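Going by the working numbering, the sequence shown opens with residue 673, and the numbers climb by one from there.
Bear in mind the hints are in silico, worked out from the structure with no lab data behind them.
Treat the numbers as computed from the prediction; the structure is a model and nothing was measured.
There may be inaccurate statements among the hints.
Claimed, not checked - List of simulated lysine-lysine pairs, DSS-like, C-alpha gap at most 30 angstroms: (1) K685 - K764; (2) K786 - K755; (3) K685 - K796; (4) K722 - K755; (5) K705 - K687; (6) K796 - K764; (7) K791 - K685; (8) K760 - K796; (9) K705 - K685; (10) K676 - K760; (11) K679 - K755; (12) K676 - K722; (13) K687 - K786.
Stated by the list, open to error - Computed spacing ranges between beta-carbons, pair by pair: (14) I736 - S688: 33 to 39 angstroms; (15) G779 - I736: 36 to 42 angstroms; (16) E674 - E783: 29 to 35 angstroms; (17) G797 - H761: 18 to 24 angstroms; (18) E805 - G706: 31 to 37 angstroms; (19) S688 - D799: 41 to 47 angstroms; (20) K796 - K685: 31 to 37 angstroms; (21) E682 - K760: 35 to 41 angstroms; (22) N756 - D686: 18 to 24 angstroms; (23) S688 - K760: 36 to 42 angstroms; (24) E783 - E725: 16 to 22 angstroms.
Don't be surprised by glycine CBs; every beta carbon is placed ideally from N, CA and C.
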Amino acid sequence: MEIKSSKGVELVKDKSNSPEEFFNRSELVYEDKGREQKFSVLYLRYFDEKLHEFTPFTENPVMIFGDNEIMLKDLVAFIALVKNPGYKHRRKMYINEYEEYKELFSGVNWEAVKQAFLKINDGKGFDMESTLEFIHA
């Protein structure tokens with residue numbers, strides 16, 4: 673599986689009564705068996721404000737490569753797919769519980785994530801042979 677891109681966006685209101693402004697969407701584009709796929713995670717933006725509780729990072733950006741800043745929202749879909757390879761058969765997921773979001777980041781090998789995002793950020797893509805390298809036992 674080749675990871676082509678992983679980006680997060682802060683949603684904005686389309687309508688005055690819409691709650692979209694409270695959410696982030698993390699989107700992962702990857703190629704698997706010759707087919708391009710997209711996977712996205714929609715979650716409450718508030719969760720990112722507590723990133724110090726479930727990651728080794730104290731604030732955004734969590735990684736910087738030259739002039740490019742990698743925010744936590746850029747990593748969420750990538751980590752969700754790494755932790756749950758069965759999500760390859762889904763297009764979307766929604767997280768509205770803080771404990772579920774926090775659990776997503778438990779046991780993550782952050783050095784491996786950093787190396788993957790270094791390649792993704794260079795526009796080269798990242799060939800993921802196994803998700804196990806991203807998880808501490």
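Now for the hints, and whether the structure bears them out:
no.	hint	verdict
1	K685 - K764	20 angstroms, holds
2	K786 - K755	16 angstroms, holds
3	K685 - K796	33 angstroms, violated
4	K722 - K755	20 angstroms, holds
5	K705 - K687	39 angstroms, violated
6	K796 - K764	25 angstroms, holds
7	K791 - K685	33 angstroms, violated
8	K760 - K796	21 angstroms, holds
9	K705 - K685	37 angstroms, violated
10	K676 - K760	14 angstroms, holds
11	K679 - K755	18 angstroms, holds
12	K676 - K722	28 angstroms, holds
13	K687 - K786	37 angstroms, violated
14	I736 - S688: 33 to 39 angstroms	36 angstroms, holds
15	G779 - I736: 36 to 42 angstroms	24 angstroms, violated
16	E674 - E783: 29 to 35 angstroms	21 angstroms, violated
17	G797 - H761: 18 to 24 angstroms	21 angstroms, holds
18	E805 - G706: 31 to 37 angstroms	23 angstroms, violated
19	S688 - D799: 41 to 47 angstroms	45 angstroms, holds
20	K796 - K685: 31 to 37 angstroms	36 angstroms, holds
21	E682 - K760: 35 to 41 angstroms	26 angstroms, violated
22	N756 - D686: 18 to 24 angstroms	30 angstroms, violated
23	S688 - K760: 36 to 42 angstroms	37 angstroms, holds
24	E783 - E725: 16 to 22 angstroms	20 angstroms, holds
The structure fails hints 3, 5, 7, 9, 13, 15, 16, 18, 21, 22 (numbered hints given earlier, in ascending order).
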